Amino acid sequence: MAWFRRSKSGIESDSKKKEIPDGMWTKCDKCGEIIHKKQLEQNAFTCQKCNFHFRIGSSEYIQILFDEKSFKEMDKKMMSADPLNFVDTKPYKERVKEAIKNTGLYDAVRTGTGKINGHNVVAAIMDFSFIGGSMGSVVGEKIARAIQKSIKTKYPLIIISKSGGARMMEGALSLMQLAKTSAMLTKLAEAKVPYISILTDPTTGGTTASYAMLGDVNIAEPGALIGFAGPRVIKQATGKDLPPGFQTSEFLLEKGFIDFICHRKELKSKVTQLLDLFAS
Amino acid sequence: MPKTILEFEKPIIELEQKISEMKKLSETLDIEDEIKSLEEKIQQLQDQIYSNLSRWQIVQIARHPERPYTLDYIQKITTDFIELHGDRYFGDDKALVGGFAKLNGETVMVIGQQKGRDTKSNLYRNFGMMNPEGYRKALRLMKLAEKFEKPVITFLDTPGAYPGIEAEERGQAEAIARNLFEMSKLRVPIIVVIIGEGASGGALGIGVGDRILMLEYCWYSVISPESCSSILWRSWDYKEQAAEALKLTAKDLIQFNIIDRIVPEPRGGAHRNPDQAAIILKEILIDELNKLKKIKIDKLIEMRIQKFLNMGVYLE
Ligand SMILES: [Zn+2]
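The listed protein sequences derive, respectively, from chains A and B.
Here numbering that gives the first Met the number 0 is used: position 239 in the first sequence is 238, and no number is missing along the way.
Here numbering that gives the first Met the number 0 is used: position 169 in the second sequence is 168, and no number is missing along the way.
Hints are not guaranteed to be accurate.
[Stated by the list, open to error] Which residues of chain A face chain B? A partial, calculated answer using Cβ under 8 Å:
id : residue
1  : T25
2  : C27
3  : L104
4  : G238
5  : K239
[To be verified] Each computed DSS-like pair below joins lysine-lysine, with the alpha-carbon atoms no more than 30 Å apart:
id : chain 1 : residue 1 : chain 2 : residue 2
6  : B       : K142      : A       : K254
7  : A       : K71       : A       : K267
8  : B       : K149      : A       : K191
9  : A       : K186      : B       : K184
10 : A       : K186      : B       : K93
11 : A       : K148      : B       : K149
12 : B       : K298      : B       : K149
13 : B       : K101      : B       : K75
14 : B       : K93       : B       : K40
Calculated directly from the structure, the hints in this document are not laboratory data.
Just so it is clear, the structure is predicted and the values come from calculations on it, not from any experiment.
Glycine included, every Cβ here is placed at the ideal spot set by N, Cα and C.
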């Protein structure tokens with residue numbers, strides 16, 4: 000359940016758009032196509048030639064999914080307390096400080112309310128650029144509160160997962176966030192409020208093994224890595240070569256764990272359609 | 000004499016051997032006093048060693064191959080155990096055992112991860128590493144218990160969920176997530192006991208309940224010290240430091256309210272006296288179950304969910 004996964008050289012954007020390469024041109028990770036920044040934005044940060052989905056952050060998803068200026072963030076400044084006083088090669092406190100400085104975010108998820116083509120929703124959107132999108136106490140608490148908000152307002156819940164799993168530096172407390180978020184989802188289910196889970200590249204470990212897999216509808220972006228154990232761990236444990244396409248969105252669709260794959264450009268219209276179907 | 004001796008157990012075991020030799024001699028010689036003083040010395044030494052165990056040493060005790068496993072506890076604590084097999088969808092996971100049994104005369108559902116003791120049985124049990132069908136089998140048995148209003152007791156002892164190709168194909172993550180969801184609202188009391196290793200989501204997949212008990216020399220965390228070392232230190236050599244940093248022992252976890260009660264182990268650990276370990280656990284299980292039975296089920300579920308909602312430390 001490691002949060003760690005070396006990132007591809009692609010965009011792992013955040014609110015400051017720090018990782019978007021300097022200059023106006025970006026190279027596609029998959030096909031090498033040179034893409035203009037404006038073009039990339041217009042295509043919801045996907046490659047127009049090969050459909051490669053760049054890794055983007057919560058700000059971009061908010062821009063893509065929500066009606067203009069409708070997103071109101073909740074619990075924005077909730078921060079890790081370093082309950083274990085964790086030190087590895089570097090103190091966890093410093094890692095958090097650095098992540099805050101580098102990303103302009105406070106932790107690996109942002110939550111809030113907003114409108115999608117007029118439909119009110121509660122959303123939680125993860126940021127991989129913040130310590131690998133790992134889930135510790137802050138992510139768990141913010142998601143639990145977002146679910147609570149959903150129950151109170153009866154607004155459907157949308158969670159966009161992009162995470163390496165539970166955060167090691169908060170030990171068993173991170174592990175318990177799996178149970179915490181899942182327990183809260185039972186209350187949402189009881190209140191009969193819809194929950195749409197959107198799985199993006201990558202969604203692994205404890206995040207997959209809790210809320211990401213528990214949507215009333217599970218949607219995945221094309222070509223995303225989705226799984227429990229990481230590919231490297233599986234290779235090491237089994238000594239086998241992994242089959243082509245293993246642990247991709249397409250693989251999970253075939254095995255029956257997601258409802259459909261949706262191109263990012265069509266995400267807003269598909270989610271709207273679902274919200275409409277739930278509401279009518 | 001135990002077959003596996005941990006490094007820090009050596010001085011104790013050596014003295015114990017000496018005593019058993021002296022006892023043979025004492026049939027012809029009068030050395031009762033010497034034996035007595037040596038026995039006292041062992042106790043002192045043991046107390047000294049066991050009150051200063053490092054977290055890594057506790058991890059080693061938790062993995063001791065002679066430690067009682069789930070089926071040992073079931074056999075020692077309950078009567079009339081009938082093992083039930085299969086998830087009804089795919090197969091029967093040998094790393095997860097379960098079935099009805101009687102505890103103190105009352106029917107309960109016992110479920111737990113099962114390790115093997117030698118190469119052959121370890122291969123049969125997949126080293127206690129469950130596949131999706133194991134989590135689904137556990138859920139089937141819990142639903143069965145719910146239907147007939149029997150309390151559930153789960154035993155956690157696993158180095159992790161199995162990281163296999165087929166496990167991913169059959170939805171390891173979905174199976175664990177589903178159990179967390181369903182166990183949160185199961186309409187019978189659930190007692191969880193960590194009896195050895197509690198590694199990550201693989202352990203937690205049968206670990207949601209009303210009371211979380213943990214034996215004294217066990218570990219429970221988000222990752223094993225070895226894997227943590229390899230990821231954060233980029234080397235396998237920092238497992239001792241990783242164990243310290245992860246704060247993964249019963250004494251640590253009770254402070255974070257992640258567990259509710261520490262189950263004391265016999266002197267030197269459960270592997271030195273499995274019968275005694277089972278007697279202690281049995282008494283505590285009966286006590287806890289009696290308390291839970293007094294609570295109305297709707298209130299119990301609300302308390303269970305609230306208990307997990309309270310887990311976490313953050314600043315705002
Ligand atoms: Zn491309």
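These are the hints, each one checked on the structure:
Below 8 Å, beta-carbon pairs count as interface contacts, and A:T25 has none with chain B, the closest being about 30 Å; its hint is therefore violated. Because the smallest distance between the Cβ of A:C27 and any Cβ of chain B comes to about 28 Å, over 8 Å, the interface hint for this residue is violated. Checking A:L104 against chain B by beta carbon gives a least distance of about 15 Å; that is not within 8 Å, so the hint is violated. Because the closest C-beta pair between A:G238 and chain B is about 11 Å apart, greater than 8 Å, the hint is violated.
About 6 Å separates the beta-carbon of A:K239 from the nearest beta-carbon of chain B, less than 8 Å, and the hint is met. For the given pair, B:K142 sits about 25 Å from A:K254 by alpha-carbon distance, which is consistent with the 30 Å threshold. Simply put, A:K71 and A:K267 have alpha-carbon atoms about 18 Å apart, close enough for the 30 Å limit, and the pair holds. With a CA separation close to 28 Å, the supplied pair B:K149 and A:K191 stays within the 30 Å bound.
Distance restraint check for A:K186 and B:K184: the Cα-Cα separation of roughly 9 Å lies within the 30 Å cut-off, and the hinted pair is therefore satisfied. Our distance criterion of 30 Å between C-alpha atoms is broken by A:K186 and B:K93, whose separation comes to about 33 Å. In summary, the hint linking A:K148 to B:K149 is not supported, as the alpha carbons are separated by about 34 Å, beyond the 30 Å threshold. Annotation: proposed proximity of B:K298 to B:K149 holds, straight-line Cα distance about 17 Å (limit 30 Å).
Distance check on the hinted pair: B:K101 and B:K75 sit about 11 Å apart at the alpha-carbon level, within 30 Å; holds. Proximity of B:K93 to B:K40 is assessed by CA-CA distance (about 44 Å); at most 30 Å being required, the pair is judged violated.
When the structure is compared with the earlier hints, violations turn up for hints 1, 2, 3, 4, 10, 11 and 14 and for no others.
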